[in-house]
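Spelled out from the first residue to the last, the chains are:
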Amino acid sequence: MLIRLAGREMLLDPSGALFWPEKRLLVVADLHLEKAVALARSGCALLPPHDTASTLDRMEAVIARLDPETVVSLGDGFHDAAAARTLEGELFDRLAGLVRGRRWIWLAGNHDPTIPLALGGALLDVLALDGIRLRHAPSAGPPGEPEIAGHLHPKARLPRRRSLARPCFVGDGRRLLLPAFGAFTGGLDVRDAAIAGLFADGFTAWLTGERRVFAVPGHLLAAGGEPGKAAGRGRSRLRLRP
Amino acid sequence: MAGRGWRPRKHQLAMLELARAGRHALLVAPTGGGKTLAGFLPSLVELAREGGGRGLHTLYVSPLKALSADVARNLETPIRECGLALSVAQRTGDSTASERARQRRRPPDILLTTPESLALLLSYPDAAERFAGLRAIVVDELHALAESKRGTLLALALARLRTLAPAARRVGLSATVADPDALGRFLWPEPEAVALVRGEAGAAPLVDILIPPGPMPWAGHYASHAAGAILDLVSAHRTSIVFVNTRAQAEVLFGLLWRLNAENLPIALHHGSLEVAQRKKVEAAMAAGRLRAVVATSSLDLGLDWGDVDLVVQVGAPKGVARLLQRIGRANHRLEEPSRAVLVPANRFEVLECMAACEALAEGALDGGTVVPGGLDVLAQHLTGLACAGPFDPDAVYAEVRSSAPFAELARADFDAVLDFVATGGYALGRYERFRRLVREADGRYRLADPRLARAWRMNVGTIVEAPVMKVRLGPRGRRLGEVEEYFVSTLAPGDTFLFAGRVLEFVGIREDEAIVKLAGRKGEPKVPAYAGGRLPLGAALADRVRAMLADPERWAMLPAPVREWLDAQARRSGTAAPDELLVETFPRGGRAFLVAYPMAGRNAHQTLGMLLTRRMERLGLAPQGFVASDYCIAVWGRRPVERPEALFTLDLLADDLEEWMAESSLIKRTFRNCAVVAGLIERNLPGRRKSGRQVTVSADLIYDVLRRYEPDHVLLRAARAEAAQELTDIRRLSDLLSKVQGRIRHQRLSRISPFAVAIVAGIGKELVAGEGLDEALEAAVAELVAEAMGEVPC
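Listed in order, the protein sequences are those of chains F and S. Residue numbers for the first sequence follow our numbering, beginning at 1 and rising by one. Residue numbers for the second sequence follow our numbering, beginning at 1 and rising by one.
Read the hints as simulated data drawn from the structure, not as lab findings.
Selected chain F positions facing chain S (Cβ under 10 Å, derived; list incomplete): (1) K35; (2) V37; (3) A40; (4) R41; (5) A45; (6) L46; (7) L47; (8) P48; (9) D51; (10) A53; (11) S54; (12) R157; (13) T185; (14) G186; (15) G187.
Far from chain S by the CB rule (all over 10 Å, computed), these chain F residues: (16) E60; (17) I63; (18) D67; (19) E69; (20) T70; (21) G97; (22) V99; (23) R100; (24) I105; (25) A108; (26) P116; (27) L117; (28) A118; (29) A140; (30) P143; (31) G197.
Only part of the chain F face toward chain S is listed, based on derived beta-carbon distances under 8 Å: (32) P49; (33) H50; (34) A183; (35) F184.
Values in this document were obtained by computation on a predicted structure and should not be read as measured data. All C-beta atoms, glycine included, are put in the ideal place defined by N, C-alpha and C.
All chains should be built: construct the whole structure from the sequences, respecting the hints.
Pasting the structure below:
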């Protein structure tokens, strides 16, 4: 789905990636590569160690489809610094192959302040392009400049007889948050104050489907989550305030 | 005891005799036959002769904590009056740390417990010592346990006890079931070692079907048309239990009864989601005879003994004969007097089912008594528990596990796969060797790598995995009313009203993971919380009877007038099917082409059938749009009419598509989540535990997707598939039916909806429309939402 951010056309892809056609720039947020292994190391559950393969599969597919000149990982590319070191063998080669094929920029996240040198690509804190800032965590309060950020793993839930929850993009024309792209990444409900609070004048959520993306005005989403932060009578008038 | 005028019954003496001979015994008897006492009598006699205080003598396991409490009370009297010096203690999830410590220091003679608490006891290093001198194991409500996953956990514990306490005599207590031999094997692996004792049959119950005057509903399950008549029944009896099938029905009926209750008869509500304190209050009031009626779900199905109940009302179809008998047995808990029960069908199809159930009761036909095959996830939990108690030898444990009925056929390869899962996650790549949970010692035994794992295991023991729930609190500082499913809360906006704990509540908001509510004034129609998996499907035996009844117009004469007229109209406008035929109707309605078929194979099987039919219709270019299923029939609709249903209902329908469908269905995702929790891969979603904004946990659905793609034969996927297939046993009914009706599909091309079809088509829009893809579901949900916001009524 094409939307406008600070006057520029952006494509929201159902895979959860953002494509900026004018720049042929692909943005993916929160890959959290090697999360399962990192959890196993820390004594948590022994989850299937295939999350990295799954994330790479989907990344290869979206890159083949959109053929970007530049790819930006919006931070938290690896689940932790140790995971970045343990990635090896075929998986490392596949990722390195993706990185070598085009201009690749790793933005630093809170999970992975560094990236293995052998992978290639540039490591930055923030990337500014045509007045739009790409960064890991969104800036606090109203953005001084238009921005694209990740970090929060937004998802939204539609009220239905059995409700539907999907990872989603969230934005208001000045700020756009991307869903997490990694295979084992949980989501934070967009009505949580941490997300809704960023959009004082309301927001739109774009829910990712299988082949399409669906736009829903924020005030139409199901209540629950943190209704303590919400006011209004009846669903259709529900508004979220910071 | 003789002094109290107590004369032992025949089966009680038989139990004593068998115990003296050191034999295992299975007592099958109707409720009210003094069954529990029969189970304990030999232990009491032994303890009276030998004196207590020599360590644990008898272990009693029942499915309900409340039942243990009841038994403790009931044992007190004979112990006191016979002047026996012996101790009885309970060990359940409610036992305090000091109680548990006391039991360890000074073991009681008789310990009353549940399968989960028994598994816990067996996971401590002192288990071998604690159970070494055990003389008897009594399993109550064996029929209920054996057909559940909790039964598998119990079977494994019993297998363990066979090693730790080989001399202990086993006693099973069961309601009357069709297959007692299977229960005997559950009790002890060599069936010839278990003596079957049958209790005396009680007086035959008196059962009526209530059809109040006025129109009979076409569809729905709430029986609101009968509320007044039910209240009259309550008013005419001393104490009644009004059984319903779901918690939602309980709430609705309770509300309806009180709206009409001009006499202010004390009527209470009891179901599993209400706050424990509230439930206990109701139980106490019932026991003290202060209530005239209680509206209850299966939370009151089992054991509890209230002598004064003189009427049982079953609202909605009974679904199975054994279950109905169990419920009817709640009235007149004495053998000599007949129990009185009234069945209240909620719609026309249910009238047929109630008639069928009465017929089956009169003939003494039974169902039930099945033992579910063992799930590999439960085995994983058990193996971890064994490792918590101490190092174990895998060969010995394999033999031990195979001695339990659910795992009698367990292959060594499967056992080893489960062991590998517990140790390293069981993944092909072996990436987790360095994070092993079980370490192999030089002598070949497995031991726990880190004692902290035992603590985590103990917090997660059990096989009941509930949907995430949220506590409901009346006012920010008020009292708790109980809990509803989290997903239901997610559909509420502040100001919305819903029915819960017998009140109309207004949703205020969420605070610290509790839903805060206040009492609502009268505004609008309140929602009713639904609970996943609350409905039992129609049993096969009853379904056969209903089908036979429909096929034989001569028997319609005995049916109540509105039902008779309905069947006559159906015969006139469409038709009915012979028992070996399948009736399929097609008709246009509201711009859609409908197909309604009547396999009567139960709701679960019809759900599956709906998925398979819509897949096939898609391939045939018939553009299906959705379907709904009931216990009796399935309705599918699309843009183009089905001209030849024969091409849809072919034998290969199940074979071709079932595997593929299973892999994507929400059923398998749910069973996968259950298995992952039971096996210990992910933690239970404990109520009250605050979720961090960015969860460390990974949702079971994500794990399922990845595992399915990269490791399709993983042991947890196999466990989930087996459990799903188990839930879909009705699929077998469906395939039997399909093969029976080949070439005998009775296709009725109609110009409009038939009288039968009204029952299901009227329900469309109220039920989840399954069978749509993700994108279609999202599109529909967004459209609905926008329409609602714009003030249009979604169609």
